[in-house]
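Use these hints to put chain D onto chain G, whose structure you have.
Those protein sequence lines, which keep their order, are chains G and D. Quick note, the first sequence lines up with residues 1 to 132 if you use my numbering. Quick note, the second sequence lines up with residues 1 to 403 if you use my numbering.
Derived from the structure by calculation, the hints contain no laboratory data. Heads up, some of the hints might be wrong.
Partial selection, computed: residues in chain D whose CB lies under 10 Å from chain G [as the list claims (entries may be wrong)]:
id: 1; residue: Asn131
id: 2; residue: Thr132
id: 3; residue: Ile161
id: 4; residue: Gly162
id: 5; residue: Glu164
id: 6; residue: Lys199
id: 7; residue: Cys317
Glycine included, C-beta positions come from ideal geometry on N, C-alpha and C.
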Amino acid sequence: MAQQIPLVDYLVLGEHPHLVANECTSCGARFFDRRNACAHCESTEFTTADVATTGEVRAYTIVSFAAPGIPVPFVAAVVDCEGTSVRGNLINVDPDPEHVSMGMKVRLATQVIGTDDEGTEAVGFGFEPLGG
Amino acid sequence: MASASEELWILGIHMTKFGKHPDKDLVDLASEAVRGALADGGVTMKDIGIIGAGNLMMAMAPTGQMVQKQLGQTGIPVYNVSNACATGATALRVACMAVKAGETDMGLAFGVEKLAGAGLLAGGARSADSNTWTPHGRYGAVAAVDGRIGTETMPGVFAQIGMEYGHKYGGTSFELFAKISEKNHSHSTLNPLAAYTKKMSLDEIMGDVMIAYPNTRPMCSANCDGAAAAVVVSGAKLKTLSLEQQKRAVKISASILTTDPWEEACQILPNVNTLTRNAAAQAYEQSGVSPADLNLVELHDCFATAELVHYDNLMLCEEGGAADFFNSGATWRDGTTPVNVSGGLESKGHPIAATGIANIWEVAQHLRGEGGDRQIEGAKVGLTHVIGLGSACGVHILEKSAA
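Okay, chain D solo, but in the shape it has when bound:
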């Protein structure tokens, strides 16, 4: 076990309402999250020694510095990061690594995205074919290949990942995947910060617009605006803070980021399984927590088909047993391993860079006993997971303070 000085804690954390924020720009949203996290932790920018700033769609911008220029320019280092859908978790990892390395005793991480109204995020546009065929790129392609050689659209990629799991282990169907979405849309009715809080019936979900079989529209992550921020503090520094701060602090028992090791086919269809399994194994090892100890899990249900495979990848069920595990009711909020009680990406929404910190906010609420109507009673341990294609996977294990 890590000694107190090596421990990492969440001191303060905040997320904005997810949804449409036409009157707020990127900096407004990030500022709201950052100020919220600082206030929640009882600290100010002057206490922060490093910032990990996450944003994907405007990744060329110095987002961290733009926020500093509104909230407090203290001259500290800023690391602007983008890492696909794992951007938020990556920003948090930056703060964790800096604190763990002893470069500072307090770090800030935030993730922000303006995504309301965005359509397909990959494979959503394509340039016109040229007038004369000219090979270019690493495949010597004479024309766009998306749609001609398989699909690059996210709903299509993750549909195949779910179908592949079903073919390998059995037990899946269009209806089963839709039921996963039904669960998450039901869960979000208790989350006032979710982009969508409307319960949806199985018939409504299955009868909605098909995007990429078997994922219909409500089975896809909801593009929306949002931000989340967290203050990370060392165990040694936390001991010097007030008892109230110590009581509300949430222990980061594991903070892991992985990429995918080479395997046959991993450059054909992204393999989201192995790197998630590796991240989970490392997180359980680092924390000493086992899957059976988890009181709640927020995992990356970018599509209903993805949630299923991650039950298995995070070892919440036996290998190959994800369909049976779901059918047992285990992942509903009253089940043995509640998954995505926030509503998940399908209903809470997925402002990409915010997601990897917002999921930690959700778990922290429950561990602090501040979950309101959706509180998972007695929650002591939780796990968060994000995955970005490319690929990167972030897993964090969080524990309630004993103070």
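Chain G on its own, in the form it takes in the complex:
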């Protein structure tokens, strides 16, 4: 199997791929980026928290115009993963309003987005319909 690297450092690959967040130890606020401090309570202590891999669609759009090189149309969404909001594409679903709906239940899924000159695969994530 090819060497793999996650598209972003908050995606943990392996047998059970999942997302992790920087969780403020003081107030519990969660962030996906490298932090200087907590934007909510100003604390500087964080722990790594696993984010639920299932959730429901809180907002979506079907993007038809994007930068060159981005396959369109695709579904961009915000998924409420048991209280933690996550940005991601909806994948393994037809990108039209008949097949995507607000509140639909989804689960995290990974997909290879490309292979570099050294043969390493970059792996991204999205959300696919649950039970689909």
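Chain D only, in chain G's frame:
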């Protein structure tokens, strides 16, 4: 209430025609707006004590000084500001704060943008992926994430914001959002300074090119060139000016700028709601005006999906009631709370930094009874609103002079 010396007034204001100006550069457009505002107020650069200069796309340039070098170098301080789509309102805030602080009794603010022909303004370009995956940035990304992890395009971001509102409160549909755009395109037929003045049917709007569902092209703000400028004067100084100047002056009853307080998800999908609601609440408090008093509103309809949520955020309707409010006809120019009678960003156009002053020009026209064919009869109080992602929200409440 503020005493006369603490009051802020618009003495003069001007906007250029919005649209394509291939023969005019940034300084030409800004100069036209500034000279127009000075003439409208009956003053010159020598009367001005401070300049707030707004421009986004060329934010590294000393835009204010470039305009001074054409119109009058008097040595006064210039603050060049950029604050996303709230840039114009921010420039105006700079002038307001300086006058209110007593550093000067008269300030100038302008916003200018050359944007005709621009495409997607965010998420519109992306660098090629590298030959070997190397994590970089705050997310340790090995490749561009726009389009791979959701969207950074403005039509897509604001589409989600409208969809989220609809999911929370119900009553929305592709057709409802399109009807909002139909209203604004209809309103602009009466505005000769709008970039687009062609009425569009609901079928035309829904059948146009889809950009980011449910926003089709005419439901998106129109990239165009334009500028707007305003002269701000203290209440004390205004009293020393002519009766004619006092009569045409427009009172700034509230001038507010907010950013978004932290909330869950606000760094995932921009939350344009809370900071707008906060700005509106502060503006109503500062002015003593209530939403029911408003004779017209110019709000930031950067996309049709955005206009809907701001009915609610500006408290023009009951919480959750934006769809019903629109369906009642309230926001058409003959409704109880006319919204975007200028045509809004979707039809008047959105030369970014100009927008936050051009919306004040629009309201001022009506308060002065100089609105021409689109005059809202008897208008006494109006509200303007802009929001820039990042985020910043500017709200101003304006009142007709009693002089």
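*Quick one: which hint numbers does this structure break? Sort them smallest to largest.*
As far as the earlier hints go, 6 and 7 are violated by this structure, in ascending order.
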